[in-house]
Amino acid sequence: MTLRVQSLSVERGGQPVIAGLSFEVAPGAALILRGPNGIGKTTVLRTLAGLQPPVSGTIDYPEDTAAYASHADGVKPTLTVTENLTFWAQVYGRAVPGSVYAAFDLDALRGREAGTLSAGQKRRLGLARLGVIGRAVLFLDEPTVSLDRFSVQMFATFLRDTHLAAGGIAVIATHIDLGLDAPELDLTPFRALATDRGGSDEAFL
Amino acid sequence: MTLRVQSLSVERGGQPVIAGLSFEVAPGAALILRGPNGIGKTTVLRTLAGLQPPVSGTIDYPEDTAAYASHADGVKPTLTVTENLTFWAQVYGRAVPGSVYAAFDLDALRGREAGTLSAGQKRRLGLARLGVIGRAVLFLDEPTVSLDRFSVQMFATFLRDTHLAAGGIAVIATHIDLGLDAPELDLTPFRALATDRGGSDEAFL
Amino acid sequence: MSIWEYANPKKFMATTAPVLPWLFALAALAMGVGLVWGFFLTPDDFRQGSTVKIIYLHVPSALMAINAWFMMLVASLIWLVRRHHVSALAARAAAPVGMVMTLIALFTGAVWGQPMWGTWWAWDPRLTSFLILLLFYLGYIALWEAIEDPDTAADLTSVLCIVGSVFAVLSRYAVNFWNQGLHQGASLSLDKEENVADVFYIPLLVCIAAFVLLFIALVIQRTHTEIRLRRIRALEGRAQHAGRVEA
Amino acid sequence: MKALLIRDLRLGLRAGGGFGLGLAFFLIVVVLVPFGVGPEAAVLTRIAPGILWVAALLAALLSLDRIFALDFEDGSLALLATSPLPLEAAAVVKALAHWITTGLPLTLAAPGLGFLLNLAPDAYFYLLASLALGTPALSIIGTFGAALTVGLRRGGLLLSLLVLPLYIPTLIFGAEAVRRGADGLATATPMVMLAGITAGAFALLPFASAAALRVNLR
Amino acid sequence: MKALLIRDLRLGLRAGGGFGLGLAFFLIVVVLVPFGVGPEAAVLTRIAPGILWVAALLAALLSLDRIFALDFEDGSLALLATSPLPLEAAAVVKALAHWITTGLPLTLAAPGLGFLLNLAPDAYFYLLASLALGTPALSIIGTFGAALTVGLRRGGLLLSLLVLPLYIPTLIFGAEAVRRGADGLATATPMVMLAGITAGAFALLPFASAAALRVNLR
Ligand code: HEM
Ligand SMILES: Nc1ncnc2c1ncn2[C@@H]1O[C@H](COP(=O)(O)OP(=O)(O)OP(=O)(O)O)[C@@H](O)[C@H]1O
Ligand SMILES: Nc1ncnc2c1ncn2[C@@H]1O[C@H](COP(=O)(O)OP(=O)(O)OP(=O)(O)O)[C@@H](O)[C@H]1O
Ligand SMILES: [Mg+2]
Ligand SMILES: [Mg+2]
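If you read the protein sequences in the order shown, they are chains S, H, C, X and P.
Just so you know, the first sequence maps onto residues 127 to 331 in our numbering.
Just so you know, the second sequence maps onto residues 127 to 331 in our numbering.
Just so you know, the third sequence maps onto residues 216 to 462 in our numbering.
Just so you know, the fourth sequence maps onto residues 225 to 442 in our numbering.
Just so you know, the fifth sequence maps onto residues 225 to 442 in our numbering.
One should not assume that every hint holds.
[To be verified] Just a few of them, taken from the derived set where beta-carbon distance is under 10 Å, the chain X residues facing chain S:
| no. | residue |
| --- | --- |
| 1 | I230 |
| 2 | S300 |
| 3 | R442 |
The hints are simulated quantities; they were obtained by calculation from the structure and are not laboratory data.
We put the beta carbon where it would ideally sit given N, CA and C, even for glycine.
The following block holds chain S by itself, in its conformation from the complex (with noise of 0.2 Å):
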């Protein structure tokens, strides 16, 4: 079960963002993208999760096996904790591993709210929600966002150890070192040029 990208492109509101990005990601490995604001990522992400078409290229990994976490976590403010992530693991047909309160330090929060969590504790809940649905393979969009740094590694540690380690696969945007080692892909190069083919707006050019 590899993730394999060919020659991609994608684009936003009409005009290609990224053009010929290829990789590939073999079970148990993480791949991190790089790039300045702006560059694509979101997008790039986004059209790996099937939220949106690519404009050319192909995509390849197993049906049903692929999770994506974007900047807004689907948290349910009047839902307490151990409901949101009960409602996810139903969704998904699994059950909650007793051990993600733990792994996300959701212990002391179990009963609580999910409205009136601060920043940091409702990011560390829909990161919980991936250690809930037993996806293999993770698309994962600034996840640290607000995460304070013992967060951060926690976050770390459960991605090598509990994710990669069971041979899923993880693609990461982030800005900030998660200090796991895996490959780093700088899409900067990949920037669709203005004279681009590709997307939605080209066949007005």
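Use these hints to put chains H, C, X and P with the ligands onto chain S, whose structure you have.
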């Protein structure tokens, strides 16, 4: 014009969060608030900004000199970058200094609708507001979220060379290293004990 | 010591708890006496026949419905000015009671209107303004229910209660202007001429007294409940907080 | 699917979830109309069926924007779209949850409110029946509208604009059924039509809704 | 203040801003009613004033949640609260903007829609006048309601529940004025009352709104 905080206690959701916090920031100086997720940085900043009343203690800075920047940065998606900035400038009865666009690398995006900006670009716009309203005392809550390294430097430079240099004050809650040579204040020792007095629930205990 | 000391939840609980059973007992007694007297020991009205006896439920509930809102208004003001939790919670506790009183007034009225006016409901100003009062109760309660943080809820509902009172009065005039009713005017007043005959009048007073007592008892009881709920919430919060402190 | 339904109902019951609000709104609109048109019983009886149905329709309408918007804003929708649960199923569940929190209580309460507009005695049964048959259609059609407008922030008003025209047939047959019932005429045709609309909507619209959602998530 | 007003109007005109939507909704409700009530001209003429006013009221109502909610969600409100602009002023401006984008177009269009319900010829003037006097009150009262519910996500339905009772006096006097106008009776009293309500609301409610906002921003 100095910011003086004496034995400040703040609450959140009826519970005391931080107790006995005192500090002083001189003109031209900055203070960096540190502490793990959920310690109470946001709560303290909101209290300093006057959005919520302190449980006890005094906060003292000249009237109408402060501005607050939160997790949400009040950017209107359907207004262009320029329109967004102009609005805030007018609310504070000032004009938009032409320099801010360069200072926050927004030149290329002036005419773009804010809703179409990437996470980091949006954040830069939110921060540019601070360069426009011309307030001397800034309370910044994780200002650099989802900014790339370059933009973080850019923002630090703005604070140092433009804001502080002009005798401004800044209190910043952040988890990363801004590269400002400013004193750091870790809130952990000030965490309120469960048994601490204060908080609107107190009457019921 | 000032009376405000009783606004401390614990003190309030302590002082009112022993009184409560007596209040209920008294209310029950007065209710029994008033209703039995009113229903069985008074003659039928020459026009209305025995239907007149519904007045013993109808009028007291009607008066309480209005007074309950008034009490809420006062409590809200106290909360906004002096921020005593008890007054806020008392207002919250009174709302459902007041709403039920309104419903009773409307229902008994409807039951009364059937034989009297030949219809269950007529858009008579009196009735209409009570319907409006019902709407205000609904909104007030809904707002309490909708807001998580109890203090925020207390503040907002208080503001609503004050603004609402003004508009409620305004509506009363509007409604009067809009339709002149078949409902009879105030039948209880101090100078004797206007009053219904004593035979009806005295038991009616007993019933009213009973409703007042019942209302007070219920409100205190519910206030206790609200205070306890708040206390549970506070303790849970503290427990979690303690949990955080260890973490 | 069950998980989603349970979650949505739970959210509906939580603070600010808006369960029963539709009901209250229904009540208020019914109360407002006489203030507008005046208190004469005869007039009210005449327009009661229509007003009751319009009110029910508006109550359903006002709660539509909750269906997807919240999930869209906090990102749940994108996550659901990438989850094993097909979006069509999600659309059905959402509609169901909406009906349970709005249409159902509204139907049960309607007869009680009928007498405020002194509805003709014979009409009560038909009011109940027509609402029971018709309100599910309102929920499903509304879900489709909500799916179309989910991208737009606070699209509430636009949503109503899109949905109201789609509601017209339901409204016509529903009100007609009650009016005929009140006048003691045959009500078979409108009732059958109502049932037909509901069945058809249930069978087809979820696919349209799911498609709309996919587009809005792009 | 001017800056805020201009911004709000501009936002209203931008995509999804909802300018004119209130108008369209007004139109649709007016169109719906005949479907519900049936086509008899006599009946319609009789209920036209009331229906028109109720429809106007609902149109105003549906656009209320836009007043503060967007600014609250994206943080603008907190920033405004910490800005030199007093929240009372903000509340007034918001109400003003709401009226310009909803009440005003609605007032101007109302006579046109009178035809659909064949409103009595003499009533048109009074319809226009009463709406012109009354709709500002709707906007200010509504702003207060919006301020109360701004903290709640999608509080739309609760908002209507709170606001509608407050609208009752305005509605009564407004519709009454038109009805009397239609019957050629004296309309001075209701008109004066309408003006009074508007003036009073403008004078007092902004303070209540600002207070509510402060609480919700805590
Ligand atoms: C022949 C029938 C009725 C009679 C004789 C009657 C009599 C009364 C009386 C004596 C009061 C007390 C007034 C006061 O002390 O202020 C009262 C109040 C009231 N009645 Fe009735 N009533 C009748 C029918 C109804 C009906 C049919 C309804 C409603 C469906 C109704 C609703 C009310 C309400 C809401 C009040 C409270 C108004 C207030 O106290 O200001 N009544 N009624
Ligand atoms: N409504 C509430 N009820 C109870 N506790 C709350 C409520 N809101 C916040 N808290 C708690 O108050 C504490 C302080 O929250 P705050 O947002 O200030 O933390 P923070 O330092 O900003 O964290 P972060 O770095 O993650 O932003 C947190 O532990 C949070 O769980
Ligand atoms: N609707 C749109 N119309 C035009 N351009 C858009 C639109 N949405 C996004 N863009 C542009 O597409 C580019 C890619 O955006 P994207 O969000 O993928 O960047 P990113 O790498 O995620 O940036 P960040 O690190 O700030 O999140 C950005 O330059 C952005 O300005
Ligand atoms: Mg991004
Ligand atoms: Mg924070």
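Against the structure, the hints come out as follows:
no., hint, result
1, I230, "holds, 8 Å"
2, S300, "holds, 4 Å"
3, R442, "holds, 5 Å"
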